Amino acid sequence: MQELIQQSFTWQNGLVFFGWGVVFLFVVLGFVTYAIYFERKVIGWMQLRHGPTRVGPLGLLQTVADILKLLLKEDTIPKKADRALFILAPVLVYVPSFAVLATIPYTQSLGFADLNVGLLYYAALSSISTIGVVLGGWASNNKYSLLGGMRSAAQMISYEIPLVMSVVGVIMLNGSLSLRTIVGGQGNNFWEWNFLPQIIGFVIFMIAAVSELNRTPFDLPEAESELVAGYHVEYSGFRFAFFMLAEYVYVFAISALTTVLFLGGWHPPLAVLDFIPGLLWFVLKFSFCVFFLFWLRATMPRIRVDQLMSFGWKVLLPLAILNIFLTAAYIEIFNK
Amino acid sequence: MFNFSMELNGQTIAFFALAVCVITGAVLMLNFTKVVHMVVSLAFSFVGLAGIYVLLEAEFVAFVQVLVYAGAISILMIFGIMMTRHDKQDEVIMKPWKEALAAIGCLALFGVLFFAIRGTQFPTPADKPLSEDNTLALGKLLFTEHVIPFELLSVLLTVAFIGAIVLAKNDDPTSINPSSALTDQSSVSASEPLSSGLQQLQEPPKGGNPT
Numbered sequence: 015m016q017e018l019i020q021q022s023f024t025w026q027n028g029l030v031f032f033g034w035g036v037v038f039l040f041v042v043l044g045f046v047t048y049a050i051y052f053e054r055k056v057i058g059w060m061q062l063r064h065g066p067t068r069v070g071p072l073g074l075l076q077t078v079a080d081i082l083k084l085l086l087k088e089d090t091i092p093k094k095a096d097r098a099l100f101i102l103a104p105v106l107v108y109v110p111s112f113a114v115l116a117t118i119p120y121t122q123s124l125g126f127a128d129l130n131v132g133l134l135y136y137a138a139l140s141s142i143s144t145i146g147v148v149l150g151g152w153a154s155n156n157k158y159s160l161l162g163g164m165r166s167a168a169q170m171i172s173y174e175i176p177l178v179m180s181v182v183g184v185i186m187l188n189g190s191l192s193l194r195t196i197v198g199g200q201g202n203n204f205w206e207w208n209f210l211p212q213i214i215g216f217v218i219f220m221i222a223a224v225s226e227l228n229r230t231p232f233d234l235p236e237a238e239s240e241l242v243a244g245y246h247v248e249y250s251g252f253r254f255a256f257f258m259l260a261e262y263v264y265v266f267a268i269s270a271l272t273t274v275l276f277l278g279g280w281h282p283p284l285a286v287l288d289f290i291p292g293l294l295w296f297v298l299k300f301s302f303c304v305f306f307l308f309w310l311r312a313t314m315p316r317i318r319v320d321q322l323m324s325f326g327w328k329v330l331l332p333l334a335i336l337n338i339f340l341t342a343a344y345i346e347i348f349n350k
Numbered sequence: 061m062f063n064f065s066m067e068l069n070g071q072t073i074a075f076f077a078l079a080v081c082v083i084t085g086a087v088l089m090l091n092f093t094k095v096v097h098m099v100v101s102l103a104f105s106f107v108g109l110a111g112i113y114v115l116l117e118a119e120f121v122a123f124v125q126v127l128v129y130a131g132a133i134s135i136l137m138i139f140g141i142m143m144t145r146h147d148k149q150d151e152v153i154m155k156p157w158k159e160a161l162a163a164i165g166c167l168a169l170f171g172v173l174f175f176a177i178r179g180t181q182f183p184t185p186a187d188k189p190l191s192e193d194n195t196l197a198l199g200k201l202l203f204t205e206h207v208i209p210f211e212l213l214s215v216l217l218t219v220a221f222i223g224a225i226v227l228a229k230n231d232d233p234t235s236i237n238p239s240s241a242l243t244d245q246s247s248v249s250a251s252e253p254l255s256s257g258l259q260q261l262q263e264p265p266k267g268g269n270p271t
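These protein sequence lines are chains H and A, in that order. Every number in this note's numbering is 14 more than the matching position in the first sequence, counting from 1. Every number in this note's numbering is 60 more than the matching position in the second sequence, counting from 1.
Next comes chain H alone, as it looks inside the complex (with noise of 0.2 Å):
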């Protein structure tokens, strides 16, 4: 694939890149289908219940069923909003989502771009999405969506800052912002992946992505028992499932961030398992972090609004600080 990026540019090649596009869009919408199907089954399981099971064999319809019904639902614009954002607000969330993928490693030959400010630009095109969640909330006119879209917005600025942080470390370990070098630093066996010399960095970085995410226990903007919905109570319709389509892809964009700077990336855990394909090993490891984010909402509370403020900013933030500066020490003591 790196050969095909770096050749010249003309129309048949612009032709393939956009051919690529498309298949990487339908896998990723392909992903957000059945991560819904396995969240409802998992949380369904850890809860004593069955999950879907009505739609299609073991219900493996159901979320199909459930985009039809979205898509096929009336498209309603509120008489009081401001139309032309409340337009925008879906489109500003969802492709900055998609943009992000761009840059992620998935085996040594399969990748889309190679950007040497990898790390930056994932950090950079996120934050536009907070500006859709937002507008979306301002747009809709509606008193529960601008409370929606502020607690989003603050708990997104506020837990961004932590989650840049906890990655220096492994910046600083690797001398590179590039996610490819990032993966090449790391070895064949699990000791040498970086989430052991990184440990703190990456318990700051799992926690910041859970909030970044607006998952439990951090869910506070769409908190189903205190707000309405959150930001997006007056979309309908195909606008919401932009919302909630650009929201599980920001769950798939941040496992595979988690699954290359801190779990080795397509590495076997044992040298003696290298046989096994790259890309098995990424979308093994990647699977798990996606589990991983559900266990949590199946089994964790909600925190309170001034607790997740306070936690992001006078806990958080220093242990990042920490972690750069005993990464920095490390690197003077032992590696020159």
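Heads up, some of the hints might be wrong.
Covered by chain A, according to a simulated footprint, are these stretches of chain H (three or more residues, beta-carbon under 8 Å) [to be verified]:
(1) 51 to 59
(2) 65 to 72
(3) 98 to 112
(4) 181 to 195
(5) 222 to 234
The set of hints was computed from the structure by calculation and includes no laboratory data. Bear in mind that the values here come from a model prediction, so they are computed numbers and not experimental data. Virtual Cβ for every residue (Gly too), placed ideally from N, Cα, C.
For this one, chain H is given, so just place chain A on it according to the hints.
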């Protein structure tokens, strides 16, 4: 100075597309009447600028631009706007001589920029292509050659940061300080601007205070 030589390749086309985006954003920003719309068009302009940086092979600057300007600054402005009152979109009546002066000023600025840019000899890049590890080179320069300005800037930022905290940490419950809403939404001082932002959404405000 006036001999423009330009070949029509992908880079030129991309540059013009991005330049049109930036200018459109800027013009829309001036012409919109709602403040939130203005901020969105400004963010659009910022993203277009980031695209131009990418075109110039300055990826680091480009994504920092997106992160700081299109992301953080825009959200900060949206917050600020939502938490203050904007009941009337007041029309500013421009006096004709003011417009003429503004036009002359714009032309003069354009002239200065044009002559300065056309008159400058830009150094040709070294043998190595710019895009190769420029982030690494940037970091090394920042921490070796330019370390004193860098440290001074960080001290300045720390001072500003502490100053902001001191200003926001006002114990007087009647004062309105929107900045604290970012860190603690549940505090008394933060709930006031939020509710006044909500008031603005209840249109039209009939007589009494809806909250």
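Against the structure, the hints come out as follows:
{"no.": "1", "hint": "51 to 59", "verdict": "violated (count 0)"}
{"no.": "2", "hint": "65 to 72", "verdict": "violated (count 0)"}
{"no.": "3", "hint": "98 to 112", "verdict": "holds (count 3)"}
{"no.": "4", "hint": "181 to 195", "verdict": "holds (count 3)"}
{"no.": "5", "hint": "222 to 234", "verdict": "violated (count 0)"}
In this structure, the earlier hints numbered 1, 2, 5 are contradicted, and the remaining ones agree with it.
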